[in-house]
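Using the sequences plus the hints, can you model the full thing?
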Amino acid sequence: MSTYALRRILQTIPILLIISILLFIMVRAAPGGPLTAARRNPNITEEQIQKLEEQLGLNRPLPVQYAEWVGKMLRGDMGQSIKFRRPVSEMIGERIPNTLILVGFSFLAALLIAIPVGILSALKPYSVFDYVATTLTFLGQSLPVYWLGLGLILLFYVTLKNPFNGNPLFPGGGMNTFGKEGDFLDTLWHLMLPVTALSLGWSAWYSRFLRSSMLDVLHEDYIRTAHAKGLSERVVNYSHALKNAILPLVTLMALDLPSLFAGALFVETIFSWPGMGRLFWDAARGRDYPVLLGVVMITAVLIIVANILADLAYGILDPRVKYD
Amino acid sequence: MIEGGKISSRKQGMARLILRRFFKHRLAGLAIGVLIILILSALFASLSPYSPTEQEPINNFKPPSAEHWFGTDELGRDIFTRILYGGRVSLTVGLLSTFSSILIGVIVGALSGYYGGWLDSILMRVTDAFLTFPTLFVLILLGAFLREQPVLWLKNSVLVVIVIIAVLSWMWPARLVRSLFLVLRERDFVIAAHAVGSDSSRIILRHILPNCLGPILVSATLQMAYAIITESGLSYLGFGVQPPTPTWGSILSTAQVHVFKAPWLAFYPGLMIFITVMAINYIGDGLRDAFDPYVIHTGNN
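These protein sequence lines are chains A and B, in that order. Counted from 1, the first sequence has number 211 at position 211 by my numbering; the numbering is strictly sequential. Heads up, my numbering is the position in the second sequence plus 324, with the first residue counted as 1.
Take these hints with a grain of salt, some might be off.
Listed next, with one range per pair, are the computed distances between beta-carbon atoms [said to hold, decoys possible]:
no., chain 1, residue 1, chain 2, residue 2, range
1, A, Val301, B, Val507, 28 to 38 angstroms
2, B, Leu427, A, Ile25, 21 to 31 angstroms
3, B, Ile599, A, Val158, 16 to 26 angstroms
The set of hints was computed from the structure by calculation and includes no laboratory data. Beta carbons: idealized from backbone N, C-alpha and C, even for Gly.
Next up, the structure:
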């Protein structure tokens, strides 16, 4: 197991290398690089620019610069925000927990819907329930999250009011009511609409996946064997079939993480949720490249780590996977 | 001659069989109809009496009526007309970026799966690297980058969007095609082709690739749905196709500002994205059934 884990981690090294090179190219190509302002200033001569380049090490060979940049990244030094004059790592560090709360709850909500729906559809394929569920998953998969978000705001914030005090039913944005910062229940109330918007598409996707995976498993020989042994329907379905059917979902969810963060970006933008996506969007509009690159890097690392964890979890959950 | 005739008639039979199976999936047939209507309405958008870009501020924020079917926006432009023109952009981006990403994916997947070895290792590591990229973030980043470069053709934002979507989405078809090639290259007909001395390019193009058509078409529908949602999303965030060119995403984006005053502004562009993506998803479902020899057609019972 530990050799498998080690090898799996070693395998990501070339991937990290490729990603870091691509990112480095972007850093170098980024407009508004370190000397743009100096170049635009008519009072600074060409000689002075060359001197600046020397000071900042911009005239050294690219591989040397790349190595230095990687070293800085490894130490967590991602440069400074152009707009806020603050270390990028600090700004991202403040936002990560908020994004993880949003993504985590949405993930949970999606699974809570998808697992029962997927199981019931697979156990009674082509029933009325299955037909309705399949149609709904098609609808859910085709709904653009940004449109859904706007619709939810219109319905639950603008149109529907609390009958007792006339306030909006749910908050239309933000993470806390003013003066209630740190109140978990208040945050939960603010999470309702963003989580609904974010989890609907995934729950559709996952339930469809689980349905077909479960249908495949139900036709396996070991299911017939289990039936033949006289095990009850419930035991066969849940402890034999479901256990096997749910495994591929682990891999799917890990591979899907990039789209998960993409969805979070939209939802954070629409609902003014102070997470990484919102930070990214604000930075993109202000052309704050160090922040943009920092966020891309951190999300890439998060996705890689999640993929390794999913693979390891798969190895633990499925004894058929060999580690040697 | 006789042999050629036989093969072509068998091919026709196969195509007819697949078509018949496709249209057995009633919703897929309906979806084809919807998609054709969408394409035609985008093609003939200029038949509308209104201009998609000319402003008429006196007529702003008109709710939907007989004159303006979907109402007018903050500058008095007819939303229905703008949506027709927006369809041109969305469908073009969808089709072209899908075509490019499938093309890249097929090339990478075929080389990787057919030759294996070190080529496979390298190509698959690159694929994995691209898969772990937070795609939308990179799309926004590139969108912001490219538009600041002083190169003229990059100003054509539709092209920029097509290219960056394709460059960041070829990995799924590549993986699919690779896995198909891994299986098919061991099959008897490929070994026979080797035995009669066919060269690799002929085996790849004439023997293996045609057998991958079904799964590739299905994955193309997924890619197209993804491309349309992504283009609209990028334009919605302000980093896709730039105004004044109307796209469903950018109409939605301006609508968001006025959503309390004129909710219909946000309703229709989103509805168009939704309908288009759903039609494409259903076509994909129909294709999956049509090409799968084991599927049971019980959905129609």
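Against the structure, the hints come out as follows:
Judged by the Cβ atoms, the range 28 to 38 angstroms given for valine 301 (chain A) and valine 507 (chain B) holds: they are separated by roughly 34 angstroms. Between leucine 427 (chain B) and isoleucine 25 (chain A), the C-beta spacing of about 23 angstroms keeps the proposed range 21 to 31 angstroms intact. At about 24 angstroms, the beta-carbon gap between isoleucine 599 (chain B) and valine 158 (chain A) stays in the expected band of 16 to 26 angstroms.
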